[in-house]
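Number of protein chains: 2
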Amino acid sequence: MKSEKISEAVVRRLPVYLRYLNELHKREVATVSSQELGQKLDLNPAQIRKDLAYFGDFGRKGIGYDVSYLIEKIRQILKIDQQINVALVGAGNLGQALSNYNAYLKDNMKIVAIFDSSEAKVGKQINTLTVQPMDELGRMVEEHRIRIGIITVPDFEAQRVADTMIEAGIEAILNFAPTILKAPPHIRIHATDFTTDLLSLAYYLEGGKDDDNE
Amino acid sequence: MKSEKISEAVVRRLPVYLRYLNELHKREVATVSSQELGQKLDLNPAQIRKDLAYFGDFGRKGIGYDVSYLIEKIRQILKIDQQINVALVGAGNLGQALSNYNAYLKDNMKIVAIFDSSEAKVGKQINTLTVQPMDELGRMVEEHRIRIGIITVPDFEAQRVADTMIEAGIEAILNFAPTILKAPPHIRIHATDFTTDLLSLAYYLEGGKDDDNE
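Protein sequences appear in the order of chains V and G. full-length UniProt numbering puts the first residue of the first sequence at 1, with every later residue one more than the last. full-length UniProt numbering puts the first residue of the second sequence at 1, with every later residue one more than the last.
Take the hints with a grain of salt, since some may be wrong.
Heads up, the list lumps identical chains together, so a pair's fine if it works in one copy or across two of them.
To be verified - Restricting the straight-line Cα-Cα distance to at most 20 Å, the calculated cross-link-like pairs of lysine to aspartate or glutamate (EDC-like) are: (1) K182 / E23; (2) K61 / D81; (3) K26 / D155; (4) K106 / D57; (5) K79 / E119; (6) K61 / D197; (7) K121 / D42; (8) K182 / E157; (9) K50 / E36; (10) K110 / E72; (11) K50 / E167; (12) K61 / E8; (13) K40 / E119; (14) K50 / E206; (15) K26 / E167; (16) K110 / D197; (17) K182 / E36; (18) K182 / D163; (19) K79 / D107; (20) K121 / E72.
None of these hints come from the bench; they were simulated from the model.
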């Protein structure tokens, strides 16, 4: 596995493949071609073959990819062949919405703790979790070996929350606050910005449609 | 403007540039270099120069980019130099959270209507909007010239909502439901899948860190 050269774009496509492969697996489909993957996921089949070739020689000409094998491989590559524990800070509407996704994350990852700095929210029940105060974060991260943090607080609180997470030993952060976070280089931060998704969609309105059919 | 060849990856970076440029503009910074943009946004400066060169010759050697001019240009390219109206379907936690982002979208885009199929939610006030029943969607899309739809309903309802939106004349959809939607080719659909973001983050845990410093 030549993991040194994989671009973020490729890494971000792997869970997309995984989701559809899981769907196929549920429907008891045994093999899938890059053509079918491409059509379903709106990606170029050559791109898909190239992406998957980074990780080894999975496909067989004329047959396609073995669904179960590919699921297993992608899970290994993404390092989600063991459950990864996640903490979420910010028990507002967005935090509550995200905590519902535990079901979709399946056995790959799990939000195991939710925190909030507001006394009004501490103690509140969200699905199976009870909102905890921020000063419990360090202990929980250690106790549950939490490695990833999700930030769903307002923008002006996000940096402080990130600092607390990093101090507690969290290694990667998914930031939903619409602000750019500072962190040491060994901490991986991904920003999920809804406004970015929405604004980029405007480009494709009227006239600009379908211009990336390579 | 050679808009035929711009890849989705580039289009998706433009709002990221725009957000930081707006921030610079607010701080009354007049010019910015690709180096600074790269450092701040964790992107390769050469990549940034290449991205912006698609749209014309903006930068000046040794001086950098004029912040106001670049903001104006990116807004034009993304076609958000006029307000684009957006409808949201699904007034649950996620829908409520997203409706708070109107403030961040500024004058570029606006969620002007929220719909839900549940009678319990219809009539509810979310910020300045009142949740409307689904059968009002067609009329509202026409009346307010709504061009983009956001789907924040559970996965099993998402396709039906998408069909209704498309029938009403909506041209592009941002889908938050963790399912793949079918749509005619002239309809642009972007999926914003939180689980994808989270799973791809796992790749960078332990050992896999910082391997894309080209």
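Outcome of the hint check:
Taking the shortest Cα distances, K182 and E23 sit within 20 Å of each other only across copies (15 Å), while inside one copy they are farther apart (37 Å). Proximity of K61 to D81 under the C-alpha cut-off of 20 Å is found in neither arrangement, the shortest distances being 27 Å within a copy and 48 Å between copies. Taking identical chains as interchangeable, the C-alpha atoms of K26 and D155 lie at most 20 Å apart only when they sit on different chains, with a minimum of 16 Å there against 39 Å within one chain. Taking the closest pair of Cα atoms, K106 and D57 never come within 20 Å of each other, the shortest separation being 27 Å inside a single copy and 48 Å across copies.
With identical chains, the CA atoms of K79 and E119 are never at most 20 Å apart, being 36 Å at best within one copy and 43 Å at best between copies. For the identical chains of this complex, K61 and D197 are neighbours neither inside a copy (36 Å) nor across copies (31 Å), given an alpha-carbon limit of 20 Å. In this homomeric assembly, K121 and D42 never come within 20 Å of each other (Cα to Cα): the closest approach is 41 Å inside a single copy and 34 Å across copies. In this assembly of identical chains, K182 and E157 lie within 20 Å of each other by CA distance solely inside one copy; the values are 13 Å within and 39 Å between copies.
In the homo-oligomer, the alpha carbons of K50 and E36 lie at most 20 Å apart inside one protomer (15 Å), although the nearest pairing across protomers, at 32 Å, exceeds that limit. Taking the closest pair of Cα atoms, K110 and E72 come within 20 Å of each other only inside a single copy of the chain (18 Å); across copies the shortest separation is 42 Å, beyond that limit. When the C-alpha separation of K50 and E167 is checked against a cutoff of 20 Å, the pair qualifies neither within a copy, at 38 Å, nor between copies, at 37 Å. For the homomeric pair K61 and E8, neither the shortest alpha-carbon distance inside one copy (27 Å) nor that between copies (29 Å) is at most 20 Å.
Taking the shortest Cα distances, K40 and E119 never come within 20 Å of each other, neither inside one copy (46 Å) nor across copies (34 Å). When the C-alpha separation of K50 and E206 is checked against a cutoff of 20 Å, the pair qualifies neither within a copy, at 32 Å, nor between copies, at 25 Å. Taking identical chains as interchangeable, the C-alpha atoms of K26 and E167 are never at most 20 Å apart, the minima being 40 Å within one chain and 31 Å between chains. Within a single copy, K110 and D197 get their C-alpha atoms only as close as 25 Å, which misses the 20 Å cut-off; across copies the closest is 14 Å, which meets it.
Taking CA atoms no more than 20 Å apart as the test, K182 paired with E36 passes between copies only; the shortest distance there is 14 Å, against 41 Å inside one copy. Within a single copy, K182 and D163 get their C-alpha atoms as close as 9 Å, which meets the 20 Å cut-off; across copies the closest is 42 Å, which misses it. In this homomeric assembly, K79 and D107 come within 20 Å of each other (Cα to Cα) only inside a single copy, at 12 Å, whereas the closest approach across copies is 41 Å. Taking the closest pair of Cα atoms, K121 and E72 never come within 20 Å of each other, the shortest separation being 39 Å inside a single copy and 41 Å across copies.
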